[in-house]
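Those sequence lines, one after another, are chains A and B. To convert, note that position 35 of the first sequence is 35 in my numbering; the numbers rise steadily by one, no gaps. To convert, note that position 23 of the second sequence is 23 in my numbering; the numbers rise steadily by one, no gaps.
Just so you know, these hints were derived from the structure itself, not from any lab. These figures come from a predicted structure and were not determined experimentally. Where hints are given, some of them may not hold.
Claimed, not checked - Under 10 Å between C-beta atoms, here's a sample of chain B residues computed to sit facing chain A:
(1) Gly16
(2) Leu43
(3) Phe65
(4) Asn101
(5) Phe105
(6) Arg110
Glycine included, each C-beta is placed from N, C-alpha and C at the ideal position.
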Amino acid sequence: AQKITQTQPGMFVQEKEAVTLDCTYDTSDPSYGLFWYKQPSSGEMIFLIYQGSYDQQNATEGRYSLNFQKARKSANLVISASQLGDSAMYFCAMSPLGSARQLTFGSGTQLTVLP
Amino acid sequence: GAGVSQSPSNKVTEKGKDVELRCDPISGHTALYWYRQSLGQGLEFLIYFQGNSAPDKSGLPSDRFSAERTGGSVSTLTIQRTQQEDSAVYLCASSSGGLLNEQFFGPGTRLTVL
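With the rest of the complex left out, here is chain A (with noise of 0.2 Å):
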């Protein structure tokens, strides 16, 4: 079983500047994939972000960062120099390598970058 745990229901960040968005997870899989999703107001399910449990470098994209830290079973999202645009719901995500299974979710997380 897995399980994803996102413990700020809400962010505020200041345009310009950078947030990190938290994520734990549980599982009993040797392998898996952690993943970052964006859902604006339109609802939308935007991929951004995924990082493998072996990768041993932080997945990177952009603005976007993940910052893995495996022994802590975290993937913390970190989105560099905030823009208006980023304000949505993020939802981290994982599901078990090498298989073509379900993605289980987190609750999210609202971002509002302030101007």
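Mind docking chain B on chain A? Use the hints.
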């Protein structure tokens, strides 16, 4: 289009009626997933299809829910005798089934049961 498409985008129905929701995955993707998102909540897995294998139905909340995938492409999620608690956004996703299995989502169908 290149992405996952879903229809209808909105569906309003009366309690007790049956509804069908459609998903067209990204061409070539072998895996297809259905999720449900209730208001202000995270996503809840319903069912997934992988190639010609039997679908994983472990997330379906009741026997009123069923889904099929024809020809390994288009999928239809059917809810029979709808209840008010079925009101939610139903999201479909597809993936190529690769090692990291990145899933790409459609825009969803917002179902309202009156």
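Quiz item: Going through the earlier hints one by one, which of them does the structure break, listed in rising order?
Solution: 1 and 3
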